[in-house]
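**Q** Residues per chain are reported as follows:
Protein chains: 2
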Amino acid sequence: MDQPKILITGGTGFAGSHLVEALVVQGYKNIHVTSFSGDSSFMEKLIGIENIHQLDLTKREDTESLIKQLQPTQIYHLASFAYVGKSFEKAEELLSNNISLQLNLLKAVKEFSPKTRLLVIGSAEEYGVSLSDDEIPCDEDHKFRPINPYAVSKITQDMLAYVYFISFNLDIVTVRPFNHIGERQSSDFAIPAFINQVVAIERGEQEKLMVGNLDAIRDFTDVKDMVKAYIIVMNNGKKGEVYNIGSGVGVRMSEIVQKLVLLSTKHIVIEVDKSRFRPQDIPKMVVNNDKIKSLGWSPKIFLDDSLLRIIEFARSSGRTTEGKINNS
Amino acid sequence: MDQPKILITGGTGFAGSHLVEALVVQGYKNIHVTSFSGDSSFMEKLIGIENIHQLDLTKREDTESLIKQLQPTQIYHLASFAYVGKSFEKAEELLSNNISLQLNLLKAVKEFSPKTRLLVIGSAEEYGVSLSDDEIPCDEDHKFRPINPYAVSKITQDMLAYVYFISFNLDIVTVRPFNHIGERQSSDFAIPAFINQVVAIERGEQEKLMVGNLDAIRDFTDVKDMVKAYIIVMNNGKKGEVYNIGSGVGVRMSEIVQKLVLLSTKHIVIEVDKSRFRPQDIPKMVVNNDKIKSLGWSPKIFLDDSLLRIIEFARSSGRTTEGKINNS
Chain A
1 MDQPKILITG
11 GTGFAGSHLV
21 EALVVQGYKN
31 IHVTSFSGDS
41 SFMEKLIGIE
51 NIHQLDLTKR
61 EDTESLIKQL
71 QPTQIYHLAS
81 FAYVGKSFEK
91 AEELLSNNIS
101 LQLNLLKAVK
111 EFSPKTRLLV
121 IGSAEEYGVS
131 LSDDEIPCDE
141 DHKFRPINPY
151 AVSKITQDML
161 AYVYFISFNL
171 DIVTVRPFNH
181 IGERQSSDFA
191 IPAFINQVVA
201 IERGEQEKLM
211 VGNLDAIRDF
221 TDVKDMVKAY
231 IIVMNNGKKG
241 EVYNIGSGVG
251 VRMSEIVQKL
261 VLLSTKHIVI
271 EVDKSRFRPQ
281 DIPKMVVNND
291 KIKSLGWSPK
301 IFLDDSLLRI
311 IEFARSSGRT
321 TEGKINNS
Chain B
1 MDQPKILITG
11 GTGFAGSHLV
21 EALVVQGYKN
31 IHVTSFSGDS
41 SFMEKLIGIE
51 NIHQLDLTKR
61 EDTESLIKQL
71 QPTQIYHLAS
81 FAYVGKSFEK
91 AEELLSNNIS
101 LQLNLLKAVK
111 EFSPKTRLLV
121 IGSAEEYGVS
131 LSDDEIPCDE
141 DHKFRPINPY
151 AVSKITQDML
161 AYVYFISFNL
171 DIVTVRPFNH
181 IGERQSSDFA
191 IPAFINQVVA
201 IERGEQEKLM
211 VGNLDAIRDF
221 TDVKDMVKAY
231 IIVMNNGKKG
241 EVYNIGSGVG
251 VRMSEIVQKL
261 VLLSTKHIVI
271 EVDKSRFRPQ
281 DIPKMVVNND
291 KIKSLGWSPK
301 IFLDDSLLRI
311 IEFARSSGRT
321 TEGKINNS
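The listed protein sequences correspond, in order, to chains A and B. Here the working numbering is used: the first residue of the first sequence is 1, the next is one more, and so on. Here the working numbering is used: the first residue of the second sequence is 1, the next is one more, and so on.
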C-alpha cells in the first residue's frame, strides 16, 4: 500500500477519533493529528504520542510551521468550533475563530504545501431551511438559508475553501455531513444529551428525561459510516466539488426518544422543557446522497444498532463524553 | 408626505452620498447618516451637521446607543469595508470588520428597535463565477462561487442578515448590486482608476494609461439609478427577499477603455500592466434584473452619459475621489 502522509486537524475530537480508527483499520500507517484540547491518551495508543501535535489553528505562525515541517500528502480538516445552542451569544467569537483557523490553514497550504489534497468539512446546517417540498431531499445545489451563526460560520469556511480552490488551484474537495452520532460525541448535541440523561435515570441520579422540540426531522448517520465517506471523498472525490453525506432517511426526534425509552432498563418519564427550544428550528433535514453514492459509499449501520452501541458505551463510561467545544 | 426617520450607515461614502441626495430630492426630510471617516462637509449642506453621527460600527456599544437613541423607521445599511485588490492580504481584518459591524447592527436592531425596516447591501461578487451559459444572466438563485475574501465577507454579511430575519422575524430586505459607477467613487475600483489616469494624462502628469485584465465583461449601472433601486426596495421589497440590481447589459472592460480614450482631449497610449491582474477574475457578470424590474425600477442613465459626467467631475476636481476604504 502506498502510504500517504495524513494530517487530521481536530483529530482527537468526535469525528476525528473515529476517522483515525478507520484509517488505522484500513492499513494507513503515517497518520498525524492536531489536538486543541482534551485528553489524547486514546489517540496515543492508535498513532503514537510523537504524531499528536498540540496546536491552536487560530495561531497563524504555529499552523504555518506545522504545515511547513510536515508537508502532508492529505489533510482531513475537521477542526472547527461549534458552541451548539450558544451560537447567538457567542456569534462573534465563533465566526472569528472558525474564519481564523480556516484562513490560517488555507494560507499555510498555499504557501508551504501547495500539492496537498485537502478535505474541507462543511455542514448540512449551511443549507438551513427548505421553502418547499421540492427542495427535500436536499442536494448540493440547495440554497443557503442558515438559521444561526454557527451555520453562517460553516458557510464562510466553505466559501473560503472555494476561493482558494478557484483562485490558486489548490486540491480541495468539500463534504457537507448531515447529523452523525456515535460514542465520544459532545453532549451539546441532542442524542448524546438524551442518552446521558437516560443513563443517569438508570443510575437513579436523575428523575425525568428533559427534552426540547421533538418535531424536527433529521437524517442520522453513524459516525463510523460518516468517516468512511470522508476517506472515499479524500481518495476519489473530484477537486473543487462538494459532496453531501447522510443516510437519506428522515427520522423524527420523537422517534429517537421513543427508541431510547425502549432501550432503557428503567421506566422513563419525559418532560418538555421550553428553555431547550431554539429561536428557530429547521423542520426537516434529509439528504439527497446520490452524489456520494456514485463514489461507491453507502451507510451500513442501522440507527437502532448505533443507539444501542452508544447507550452501552455511556453505561460503561458514565457518559458519552465530556462536554467539548471543539469538533462537531 | 409621511416622513420616516431614516438612518444611512456609511452615509458619507460613495453610494451613501448619492442616496442622501436622491432622498432629499424625493422630499425626505428626516435623514441621519453614520460616517466612519473622511470629509462630511458635503453631507452637512444636505442634512445638517446634527444629523451626521461619527461612528465606527465595529464598536458594539456605540452602535447600540445610536440605535437605542434614534429608533429609526428605516435603515439603509451601506457601511462595509472593501479593500478592493488587497482582499487576500487583508482577508482576516476584512472579514472580521465586516462581520463585526453586521452583527453589531443586527443585534442592536433586534434589541432596541425591532420594528425597523432594514435594507442590507450584498454584492454581485457573492455569485462569483458561472459554470455554464445557462447561469448568465445571473438571477437571485445563482450559486455562491466567490473568488476572493471580499466576496466571502459579503456572503457572510448577507447570511447573517438572513439568520436574523428567519430566527427573530426582523423586517429585513436585501439587495445585491452589480457594478455601479459615478462621481466620488474610490479609485480602488477600475473605472475611477482609469478616469483619474486619463485626467492626469490630459494635465501632462502621466504618460500612459496603465490597465489590468480588459477581457472581463461587467454590468454597469449609474450610481444615481442604483440608489433609486435601493429606495424602491426599501419601500416595496418583500421582507426576507433578495433583489439583484443592475442594468442587464454586459460590457467588456476594453470597450470602457475605448470609450474613455474617445472622451479624452489627449491621445492616450494604453499599456497592460500584469501586476494589475488578480489571481482570478470573473469572466462575465451580467444581471438578470427581472425581480427588481417587477417593483417598477429600471435604469435610466446611459453608460456613455455616466462616463462623460464622471470624467468632467474628475477634470474639475482633480480626481474622482480620494482613496477610501469604507463603502463600495
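It is possible that part of the hints are untrue.
As the list makes no split between identical chains, a pair holds if one copy fits it or if it spans any two.
Capping the alpha-carbon separation at 27 angstroms, the derived lysine-lysine pairs in DSSO-like fashion look like this [unchecked claim]:
#: 1; residue 1: Lys291; residue 2: Lys239
#: 2; residue 1: Lys90; residue 2: Lys107
#: 3; residue 1: Lys274; residue 2: Lys115
#: 4; residue 1: Lys90; residue 2: Lys300
Treat the hints as calculated values from the structure; they're not laboratory data.
**Q** Against each hint, give a clear statement of whether it holds in the structure.
**A** Hints, one by one, checked against the model:
1. For the identical chains of this complex, Lys291 and Lys239 are intra-copy neighbours only, at 14 angstroms inside a copy versus 34 angstroms across copies, given an alpha-carbon limit of 27 angstroms.
2. In this assembly of identical chains, Lys90 and Lys107 lie within 27 angstroms of each other by CA distance both inside one copy and across copies; the values are 26 angstroms within and 12 angstroms between.
3. Taking the closest pair of Cα atoms, Lys274 and Lys115 come within 27 angstroms of each other only across two copies (25 angstroms); inside a single copy the shortest separation is 50 angstroms, beyond that limit.
4. Within a single copy, Lys90 and Lys300 get their C-alpha atoms no closer than 37 angstroms, and across copies no closer than 45 angstroms, so neither meets the 27 angstroms cut-off.
Checked against the numbered hints given earlier, the structure breaks only hint 4 and satisfies all the rest.
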